[in-house]
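One-letter residues, chain by chain:
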Amino acid sequence: MGKPRVANDIRRLRFEHDEMTQKQLAEIVGVTRQTIVAIEKANYSPSLELAFLIARAFKRPVEDVFSFIE
Amino acid sequence: MSHEEKNAIVSLIVTLVVFGYYGFRFSGLYAEGYFAGPDAMTRTGWEILYLIGYGIIAQIIGQIVFAIIFAIITNDRKPSFLIDERDRMITLRGVRYGYGFMGGGVTLCFLALAIGWDPVIVFNLILFSIAAGAAVETLVKVVMYRIGA
Numbered sequence: 073m074g075k076p077r078v079a080n081d082i083r084r085l086r087f088e089h090d091e092m093t094q095k096q097l098a099e100i101v102g103v104t105r106q107t108i109v110a111i112e113k114a115n116y117s118p119s120l121e122l123a124f125l126i127a128r129a130f131k132r133p134v135e136d137v138f139s140f141i142e
Numbered sequence: 028m029s030h031e032e033k034n035a036i037v038s039l040i041v042t043l044v045v046f047g048y049y050g051f052r053f054s055g056l057y058a059e060g061y062f063a064g065p066d067a068m069t070r071t072g073w074e075i076l077y078l079i080g081y082g083i084i085a086q087i088i089g090q091i092v093f094a095i096i097f098a099i100i101t102n103d104r105k106p107s108f109l110i111d112e113r114d115r116m117i118t119l120r121g122v123r124y125g126y127g128f129m130g131g132g133v134t135l136c137f138l139a140l141a142i143g144w145d146p147v148i149v150f151n152l153i154l155f156s157i158a159a160g161a162a163v164e165t166l167v168k169v170v171m172y173r174i175g176a
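Taken in sequence, the protein lines are chains A and B.
Note that this note's numbering has the first sequence beginning at 73, numbered continuously upward.
Note that this note's numbering has the second sequence beginning at 28, numbered continuously upward.
Bear in mind the hints are in silico, worked out from the structure with no lab data behind them.
The structure displayed is predicted, hence computed values, not measured ones.
Hints are supplied without guarantee of correctness; some may be wrong.
[Unchecked claim] 20 Å max Cα-Cα, derived EDC-like pairs, lysine to aspartate or glutamate:
no., chain 1, residue 1, chain 2, residue 2
1, A, Lys131, A, Glu88
2, A, Lys131, A, Asp90
3, A, Lys95, A, Glu112
4, A, Lys113, A, Glu99
5, A, Lys131, A, Glu91
6, A, Lys131, A, Glu99
7, A, Lys113, A, Glu135
8, A, Lys113, B, Glu112
9, A, Lys95, B, Asp66
10, B, Lys105, A, Glu99
11, A, Lys95, B, Glu112
12, A, Lys131, A, Glu121
13, A, Lys131, A, Glu112
14, A, Lys95, A, Asp81
15, A, Lys113, A, Asp81
16, A, Lys95, B, Asp145
17, A, Lys113, B, Glu32
18, B, Lys33, B, Asp145
[Stated by the list, open to error] Covered stretches of chain B, as calculated for chain A (at least 3 residues, CB under 8 Å):
no., segment
19, 61 to 67
20, 166 to 176
[Stated by the list, open to error] Residues from chain A shown here face chain B by an in silico Cβ test under 7 Å; the list is partial:
no., residue
21, Thr93
22, Ala110
23, Tyr116
Glycine included, every Cβ here is placed at the ideal spot set by N, Cα and C.
Construct the complete structure from the given sequences, taking the supplied hints into account.
Given below as structure tokens:
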């Protein structure tokens, strides 16, 4: 399995939302903080369900949070 | 460090210690001729049952002790036991490598049996192949957690 081809803007969105911490975001979407870290670093691609939960946490559409690397 | 990563590290250490002790004990008993004669496989069976027993106890004690020590060191009053999708993905990856390693080991054991090795030794090598597969599984998990996959 190569490096995931999904980029994201989670770090910037966290800071825009009252400087939300990784732990707070993890608790909101129901995963561990380490998973949020891996997603932010684009080392792990979240499932569709998790991607939607993260986007909903920021009140943004999924396309605003995640993008596909060609 | 997530709950699953901690479990993987403890499991790897305990597996290596338990099977290291069993290998040391088995080699000593084998050299003394304990596994010679008509009771060889019966004695082998009992030794393996003892191994399973103290292996399970060692894993439980190891997990509890490590959890307590880690909670004290990190001063974490509310440790999380959450297992999420990434934990399950890493576990599946570890299982794949572990099963492959175990399968290869068991196949080599059957080859050893076919060329005339002592069945008692082959039986224990099969057991060590299974243990090595489990160790590879947890090692892959630890590596994947460490590199942040």
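Each hint, compared with the structure:
1. Between Lys131(A) and Glu88(A) the alpha-carbon distance is near 12 Å, which keeps this suggested pair within the 20 Å criterion.
2. For the hint linking Lys131(A) to Asp90(A), the alpha-carbon distance of about 13 Å falls within 20 Å, and the restraint holds.
3. At roughly 13 Å between alpha-carbon atoms, Lys95(A) and Glu112(A) fall within 20 Å of each other, so this suggested pair holds.
4. Between the alpha carbons of Lys113(A) and Glu99(A) the distance comes to roughly 18 Å, so the proposed pair stays at or under 20 Å and holds.
5. Between the alpha carbons of Lys131(A) and Glu91(A) the distance comes to roughly 15 Å, so the proposed pair stays at or under 20 Å and holds.
6. Taking the CA atoms of Lys131(A) and Glu99(A), the gap is about 16 Å. The hint holds against a cut of 20 Å.
7. A C-alpha spacing of about 18 Å is found between Lys113(A) and Glu135(A), which places the hinted pair at or below 20 Å, so the restraint holds.
8. For the suggested pair Lys113(A) and Glu112(B), the alpha carbons sit about 17 Å apart, so the restraint of at most 20 Å is met.
9. At roughly 58 Å between alpha-carbon atoms, Lys95(A) and Asp66(B) are farther apart than 20 Å, so this suggested pair is violated.
10. Taking the CA atoms of Lys105(B) and Glu99(A), the gap is near 13 Å; set against the 20 Å cutoff, the hint holds.
11. Taking the CA atoms of Lys95(A) and Glu112(B), the gap is about 16 Å. The hint holds against a cut of 20 Å.
12. A distance of roughly 15 Å separates the Cα atoms of Lys131(A) and Glu121(A); the hinted pair therefore holds under the 20 Å criterion.
13. Pair hint Lys131(A) plus Glu112(A) holds up; C-alpha atoms about 18 Å apart against a cutoff of 20 Å.
14. The hinted pair formed by Lys95(A) and Asp81(A) meets the criterion: a straight-line CA distance of about 16 Å does not exceed 20 Å.
15. Among the hinted pairs, Lys113(A) with Asp81(A) is consistent with the structure: their alpha-carbon atoms are about 10 Å apart, no more than 20 Å.
16. Distance restraint check for Lys95(A) and Asp145(B): the Cα-Cα separation of roughly 56 Å exceeds the 20 Å cut-off, and the hinted pair is therefore not satisfied.
17. The hinted pair formed by Lys113(A) and Glu32(B) meets the criterion: a straight-line CA distance of about 19 Å does not exceed 20 Å.
18. A C-alpha spacing of about 39 Å is found between Lys33(B) and Asp145(B), which places the hinted pair above 20 Å, so the restraint is violated.
19. Counting residues of the segment 61 to 67 of chain B whose CB falls under 8 Å from any CB of chain A gives 0; the rule of at least 3 is not met.
20. Given as covered by chain A, the segment 166 to 176 of chain B passes the check, having 4 residues with a CB less than 8 Å from a CB of that chain where 3 are the minimum.
21. The interface hint given for Thr93(A) is violated, since its Cβ lies 15 Å from the closest Cβ of chain B, which is over the 7 Å cut-off.
22. Taking 7 Å as the C-beta cut-off, the interface hint given for Ala110(A) holds, the closest approach to chain B being about 5 Å.
23. Because the beta carbon of Tyr116(A) sits about 6 Å from the nearest beta carbon in chain B, less than 7 Å, this interface hint is met.
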